[in-house]
Amino acid sequence: MSTIGTIGEISRTGARTNRAAQLIGVRLYGLLLILVLLSLWELSARLGWVVSAYWPPVTAILRAAVGELAGGDMLDALASTLRRAAIGYIVGSVVGVVLGILLGKSRVLRLALLPLIEIIRPIPTPAVIPPLILFLGVDDALKIFIVSLASFFPVFTNTISGVAAIDDTLIQTARTFRIGWLRTLVSVVLPATLPAVTAGLRTATSLTLVVAVLAEMIAGSSGMGYYLVQMQYALRPDLMYAAVLYLAIVGYCLNRAFIVLEARFVPWIGKT
Amino acid sequence: MSWRLKALSANLLGLISPASVLCIWETAGALGWINPVLLPRPSLILRSLVDLVGDGAVFSPLLHTIALFAVGYGLACVIGICIGVAMATNQVLYGLLEPLTECIRPIPKSALVPVLFLFLGIGRATMITVVVLAAVFPVLISTFQGVRGLDPVLLETARTFQVRRQRTIFSIILPASLPMILAGMRVALGLGLVLVILAEMLAGEDGVGFRILDLQRSFQIRDMFAWIFVLVLLGGGLMMLFDVAERRLVPWRGRT
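Protein chains in written order, with the numbering used here: chain X, 1229 to 1500; chain H, 246 to 501.
These are calculated hints, taken from the structure and not from any lab test.
We put the beta carbon where it would ideally sit given N, CA and C, even for glycine.
Do not rely on the hints blindly, as some may be mistaken.
[Unchecked claim] Restricting the straight-line Cα-Cα distance to at most 20 Å, the calculated cross-link-like pairs of lysine to any residue (SDA-like) are:
no., chain 1, residue 1, chain 2, residue 2
1, X, LYS1333, X, LEU1418
2, X, LYS1333, X, LEU1344
3, X, LYS1333, X, GLN1400
4, X, LYS1333, X, SER1267
5, X, LYS1333, H, LEU258
6, X, LYS1333, X, PRO1419
7, X, LYS1333, X, LEU1271
8, X, LYS1333, H, LEU308
9, X, LYS1333, H, LEU291
[Unchecked claim] Among chain H residues calculated to face chain X with C-beta under 8 Å, some are:
no., residue
10, THR334
11, ASN335
12, PRO353
13, GLN461
14, GLY480
15, LEU486
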C-alpha cells in the first residue's frame, strides 16, 4: 500500500503553538527562494539570457492567465477537462472499491478476474488509447473510460489488500453474533478497509488530471490537453504556461480538498 | 515442498481465466462475430509479434524507450531520495525547499510535455526531463515521510553513541526508511513509464509509444496490437523486477 501525502501534513502535526507564525517562519527562505527564481525567470526572459524564443517572462504569463479570465477558450477547455476527469474518477473509484471487496472476499472471483486485471495493470495508460479510439471514438466516452481505468487500479489494489488485511477476529465476532453478511459488510468490512481505500483514492486523485490531460493530447478535440497541443503548434508559450498554471492550481486545490475530506471522514487514519 | 506445490497450483489456476478469454476471443474472431479489422484474432497478433521479434524490428524502438525510461527513472530516484533525506533531516533545507516542492508538485506532469517540447525542442534531453519531473515527486515525498516517521529512539541511540552524521544517514536512516522509499519508487515507476510513452507519442520520432500511435493512424491494427503486447511485457517485466528487488531489499515487508 502506498500512502503518499503532502510534506506539510506530517510536519504540521507536531507544532501547535504559534502555528501561523511558525509556518511562515520556517518557510521564509523558501518563499524568498521562489521569489528569487521568479525574478531570475523574468530577467532572463527580458534580457535574453535564455537562448529560446519560447521563454516568455513571468509577467507575460500572468497577463495571459488574467486575460483568459475575461473570456477565452482556456477556461472552457479547463471546465470540459474537469468534467471528464470527475466522471471518470467517480466511476473508476466505485468500480475499484466494489471489485476490490468482491475479489477480496470471494476466492472464485479472485481466480477468475485477478489474473486478467494483473495483465492489464502494467500497460502504461497512453498505450491503450490508440486501440480504444477504434471502439470508443475520440469523444467523451474514450476520455472518461481512460480516466476511470487509471483511477481504478490504485483504488482496486489498495482495497483488495485492505480486505485481505482485516483482522479475522472482527469477522469471527460478527459471525458469533449472527450478524448478516450485508451488515457485516457495511459495519465491519467497509470501516476496516476505509484507510486502505483512502490511500488508493489519494493516488487516484493525483493521477486523474495527468491522465485526462494526456488523453486529450493524444485523441483530442477539446479540453486542456488539446488546448496545450494547439498552442504548441500556434507557438504561444505564454498561453501554454498560463494553462499549466491553471492546471497546477486545480491540482493543488484537489489535493487540499482531499486532505480536508479525509480528516473529516476517516479521522482515525494514520493514528495507529 | 507442499508450500511450493501450493504456489504452483495457484499459478496454474490463475492461468485458467486468461486462457479462456483468449479462447473465446479466438473463436469469436474465427466465427466472424467480431470485426477482424478492429480486433484481430490473438493468433494473428501473435504471428505479427513473432515477425517483429524475428526480423529484429522490435529492438531499436524498445531500446529507445527503455533507455529513456531508465535514465529518467534512475535520476529521479537519486534526486528524490537525496532531497527527501536532506529535507527531513535538516530544518533549514526543509524551509528552503518545501514551498518550491509544493508549487511544482501539483502540476499534472503530462501538461508539461508540449510546454517543454516548445521550450527545449523535441529531443531525448527533453523527454528525460519530463520523466524525471514526473517520477521525482513520489520518491521525494515518500522518502521524506519515511525519514520523518522513523522511531526517534533510533536516532537518539545513534546520537548517544556519537555516530557521525554521514554514518547515521547511511547505516540507520536509509535502511530504516527503505520500505517507504520503495513505496514511492513503485508509484514513480508507473508514472515514469506513462510519461515516456506519452512523450514518444507526442514527439513522433521513435520508440514504442510512437510505433503504437503511428500504426493506429495508418490503420495497421494487427501490428499495433503486437506492439501493445510488447509494452505489456515491458511493463509487467519491470514490475516483476521491482517486486523481486523489493523482496530482496526488504524481506520483512508484508510479514508483519
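Right, here's what the structure says about each hint:
1. LYS1333/X to LEU1418/X: 12 Å, holds
2. LYS1333/X to LEU1344/X: 17 Å, holds
3. LYS1333/X to GLN1400/X: 14 Å, holds
4. LYS1333/X to SER1267/X: 57 Å, violated
5. LYS1333/X to LEU258/H: 18 Å, holds
6. LYS1333/X to PRO1419/X: 15 Å, holds
7. LYS1333/X to LEU1271/X: 61 Å, violated
8. LYS1333/X to LEU308/H: Not satisfied, since the Cα-Cα distance of roughly 42 Å exceeds 20 Å.
9. LYS1333/X to LEU291/H: 35 Å, violated
10. THR334: 13 Å, violated
11. ASN335: 12 Å, violated
12. PRO353: This interface hint holds because 4 Å falls under the 8 Å limit.
13. GLN461: 4 Å, holds
14. GLY480: 3 Å, holds
15. LEU486: Cβ of LEU486/H sits 11 Å from chain X, so the hint is violated.
Hint violations for this structure: numbers 4, 7, 8, 9, 10, 11, 15, all remaining hints satisfied.
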